[in-house]
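Colleague: Below, each chain spelled out in residue letters.
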Amino acid sequence: MKLLPLFLFLVLFVAGISGAYAVEEQMSSVMITSYQISPEVLMRNDVGTVTVTVKNMESVKSINIKEARMLGRDIKVLSDFYFNVGRLGPGESLNLSFTIKAGYTDGIYYPKVLVEAEGAQNIRYRTQVKVDSTPLTIGVKDIQEDIFKGERARIELVVGNPRPNTVTAVKIVTDAKEVIPSEVFIGALSSDESKVASFNFTPQTKGAHAINFKLAFKNGDNHHSADLSVPLNVTESKKSAELILTGLEVESMPGMNVYKITGDINNAGLEEAKSVVMKVGDAEGIEAVHPYKAYFVGLLSPDDFSSFELDVKVGENVTQVPLIIEYKDEDGILFSKTEYISIERRQGTTSSGELPVSMVILGVVIAILVIGLIAYSWKKR
Amino acid sequence: MIEVLTNPNEFFEARVKGEESLRIPVLIVLVSGLIGGISAFLMAGISLEMLSETLPPEALGIASTIGGISAFFGAVIVSLIFWVVIAAIFFGISSIFKGEGNFKRTLEFVGYGFIPMIFSAIISAVLIYNFLSTVQIPVVTDPAEIREALEPLLKDPMMQLSSFIGILFMLWSANIWIFGLKHARNLSTKNALITVGIPVAAYVLYTIYQLGVM
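Protein chains in written order, with my numbering: chain A, 13 to 393; chain B, 700 to 913.
Read the hints as simulated data drawn from the structure, not as lab findings.
Just so you know, not all the hints are guaranteed correct.
Using 30 Å as the maximum straight-line C-alpha spacing, the simulated DSS-like pairs for lysine-lysine come out as follows [unchecked claim]:
(1) Lys391/A to Lys889/B
(2) Lys392/A to Lys716/B
(3) Lys797/B to Lys392/A
(4) Lys889/B to Lys392/A
(5) Lys803/B to Lys391/A
(6) Lys803/B to Lys392/A
(7) Lys854/B to Lys325/A
(8) Lys272/A to Lys854/B
(9) Lys391/A to Lys797/B
(10) Lys391/A to Lys716/B
The model shown is predicted, which means the values in this text are computed figures rather than measured ones.
Required output: the full structure, derived from the provided sequences and hints.
Modeller: Shown next, in the form of structure tokens:
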């Protein structure tokens, strides 16, 4: 009879262990198998997504997912909770995305994902989100030492990605009018990768120039940019063609307000000036007229000169006529230079407009003679 | 002959008694026209030089020759026509004052009045030549613009002096015509003065107007 209580205890103990084991097995059938962050590494204030994969680990039983949420202390979660997600079949998985926004401090953060399923144990899963605000770098790789007015100079810029992740839509833009192209698209740039972009700069004025470049890229869906200012000093070329005007003469044509401008155009430079054309510039009250509206000089070798002639009709108040000299260098780049020619107002003749004294005396003598003779003839009548 | 310039009254008084003869008057008008032709030749040269950029050189050479000669002979013919026309006008006006005498006599005496115009033509030719040797000739592309371009040239003081001298000599001619008409048409001095004065005054006023003074 003493063995009965011991038997009952053993039966109840075994039954109790078996029951507890069965309950524990039933509650652990859902788990988070993986997660992805886009972009992989955020920059300050960037918006990104965390996508977790929830999988039903049961082989025969479906699970009802009641709620899924993300909680973050230093990472702001922008998206709402998931309620009543639905049933997840045996072995099936489900991706749940949460929108997050990085704060203003770099670092590694661990927002938690909570998943509640009916008849299953709640899941608390920690994700790892990195915030690294290291920007892309842009710098001058190569540029020629001397930059001359009117001559093309090549500027090579290098863009580097020191970030731990790939960035996309990388491009360099400039609003400088004398720089071509105005935009170079690089595309995706992997971590620790660099690419070179080339620009051509053809300055039309000498002196200090600052060319501003803007580097634009995307980290995920977030736009970022960096600026680069390249200071350059432009000087006159020591060899280029230098066209100067000499022996200028302005001859008036009476009555028509038309002036004939003649002179010589000289090449005082060391290089040839090609396709030299001289024109009268556009201005109010100034109109180029035939026969020489423009004058084609053509090729002008160094130390060579050519005469030219231009005809211009000017308004009453015009005192200066703009004269445009256009020429091209060996590369076909067009140069333009404007000279202003003074116009002296005349009454249409080269004479001073006044009678010489001798002529006045002649007139008076003739007048006296004629009047005297007429008077004499009447006296003798 | 000098008497016609200094004392035309006595000259025509004596001449009216003689036979009518147009030989000397024709010669006077012809000489006046020939010398005036030189001025016309020079002015024609200006007009054609204005077109130097428009006409080809060969055409310009031919045009200059033909134009100059035409202007020269044109001036001679115009002088002869002017002589006859002015004589006819005087003859007509004097008829109002019951003038007597035939047209040939009027023509003869009016012809003598062209002697001052010979001096006028010589002086004008010298002045125009002197002016043209210093003036800048404008170039026009359209022949229609020649008149517009010539206008300021004609208003140059030198050209105005030439016209002024022309008026003086015209007045001198008018003085001779007054006495010529007086004897040719047997008019009173007053009527002869009116006969000559009306057309001459009209001519002088027109010339002054052309000069832009009025």
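Colleague: With reference to the structure, classify each hint as holding or not holding.
Modeller: Verification of the supplied hints:
no.: 1; hint: Lys391/A to Lys889/B; result: holds (15 Å)
no.: 2; hint: Lys392/A to Lys716/B; result: holds (19 Å)
no.: 3; hint: Lys797/B to Lys392/A; result: holds (26 Å)
no.: 4; hint: Lys889/B to Lys392/A; result: holds (16 Å)
no.: 5; hint: Lys803/B to Lys391/A; result: holds (28 Å)
no.: 6; hint: Lys803/B to Lys392/A; result: holds (27 Å)
no.: 7; hint: Lys854/B to Lys325/A; result: holds (21 Å)
no.: 8; hint: Lys272/A to Lys854/B; result: holds (22 Å)
no.: 9; hint: Lys391/A to Lys797/B; result: holds (26 Å)
no.: 10; hint: Lys391/A to Lys716/B; result: holds (23 Å)
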